[in-house]
Amino acid sequence: MSQQSADARQVEVRHDLAHVALAPPSRTSGVLEVFRRRYLLRLMVRREIKARYAGTAFGLAWSYINPLTRFLTFYAVFGLLLGRGLGIENFAIHLFAGMVLVNYFTETVTAGTRSLLSNKGVISKMSMPREMFPVASMLVSLWHAIPQLIVLVLACIISGWWGDGPLWVPDAVGMGAALLGFLLIMVYGTAFGLMFSCVNVIFRDFQRIVQTFINMVPFTAPMMYPYWISYQRFPAFWHELYLANPVAEAVQLIQRGFWYPTCAPTCATMPNPNGDGTIVPAPEFADHLYTRGFIMLAVGVVLLLVGQWVFARLEKSIPERL
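Residue numbering for the sequence shown follows the working numbering, starting at 1 and increasing by one per position.
Hints were generated in silico from the structure; no laboratory data involved. Fair warning: this is a prediction, and the values are worked out from it, not measured in the lab. Hints may contain errors.
To be verified - Computed list of lysine-lysine pairs in DSS-like fashion (alpha-carbon distance at most 27 Å, straight line): (1) 316 with 125; (2) 50 with 125; (3) 50 with 120; (4) 316 with 120.
As the list claims (entries may be wrong) - Listed next, with one range per pair, are the computed distances between beta-carbon atoms: (5) 171 with 150: 15 to 23 Å; (6) 203 with 281: 23 to 31 Å; (7) 208 with 278: 46 to 54 Å; (8) 241 with 125: 42 to 50 Å; (9) 302 with 47: 42 to 50 Å; (10) 169 with 232: 45 to 53 Å; (11) 264 with 125: 50 to 58 Å.
Using N, Cα and C, we set each Cβ at its ideal position, and we do this for glycine too.
Start from the sequences and build out the full structure, keeping to the hints where you can.
See below:
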């Protein structure tokens, strides 16, 4: 056999695709496919970050300026004006720690809901897993949560130097609790983003409905008020329903990591339930805080699978709706 015939035979073998199973071009592995294409995901995240600060003079510095001014406002109002009237030590840190995760959740869900409509030009031109866009929105929101976390750490350190409480020393249990709080928000935010993004393409008013409920989220977690208020004033059923909120659980977990070490062992006080006018120590967090956290994380993973299933069922109608 001549060299030319041998080369031709090798080409035929390489291009013989009869042994390759046929598959529909739209079939993907969902969210797993997104992380298999990590390079493309990084490009999407960088694109979103640059787009948010395009044309600004300070650029990414705004990610630090905004949370810093927000914390100083909290400190001035709740730390200096209201003092300790709410019975919470270092109330500005108590509030700001919760705001870090609440802002992360609300931004993830809001941006995830709009993600497909915001990227309709990319969707029409490129073939990629459409789950890429809600996941990228979650990662961009996480990027914006990092400066808030840095401001929170600095506030905890300074409170120990200038305040009457102990020096803030992060402990392994507290940092694990804070990490679990972030995981809860990542999982639930991504799950809601997947479901809501498709619904928003079909029903354009849906993002306004989502925004209406998002406005209520900051009031459903114990950060603007102490936990003991819900513990003392809600009937048992409503209290358990209140604690079933993953945002409320995540807020308590991050407070355990950052706020609690700045004032332990007594961080909250309340009027004596006996009604004699005395002040007694109050519970800072719900019972079985960590057990509840892991249970909610498992429920969040199930919800993420449900969100992927809803997305897969509805995404077929996305191109024609866009």
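Status of each hint after checking the structure:
1. 316 with 125: holds, 16 Å
2. 50 with 125: holds, 21 Å
3. 50 with 120: Holds, at roughly 18 Å.
4. 316 with 120: holds, 14 Å
5. 171 with 150: 15 to 23 Å: holds, 19 Å
6. 203 with 281: 23 to 31 Å: violated, 49 Å
7. 208 with 278: 46 to 54 Å: Distance hint for residue 208, residue 278 holds at roughly 49 Å.
8. 241 with 125: 42 to 50 Å: The hinted range 42 to 50 Å holds for residue 241 and residue 125, with Cβ atoms some 46 Å apart.
9. 302 with 47: 42 to 50 Å: violated, 31 Å
10. 169 with 232: 45 to 53 Å: violated, 31 Å
11. 264 with 125: 50 to 58 Å: Taking Cβ atoms as reference, residue 264 and residue 125 lie about 55 Å apart, which means the hint holds.
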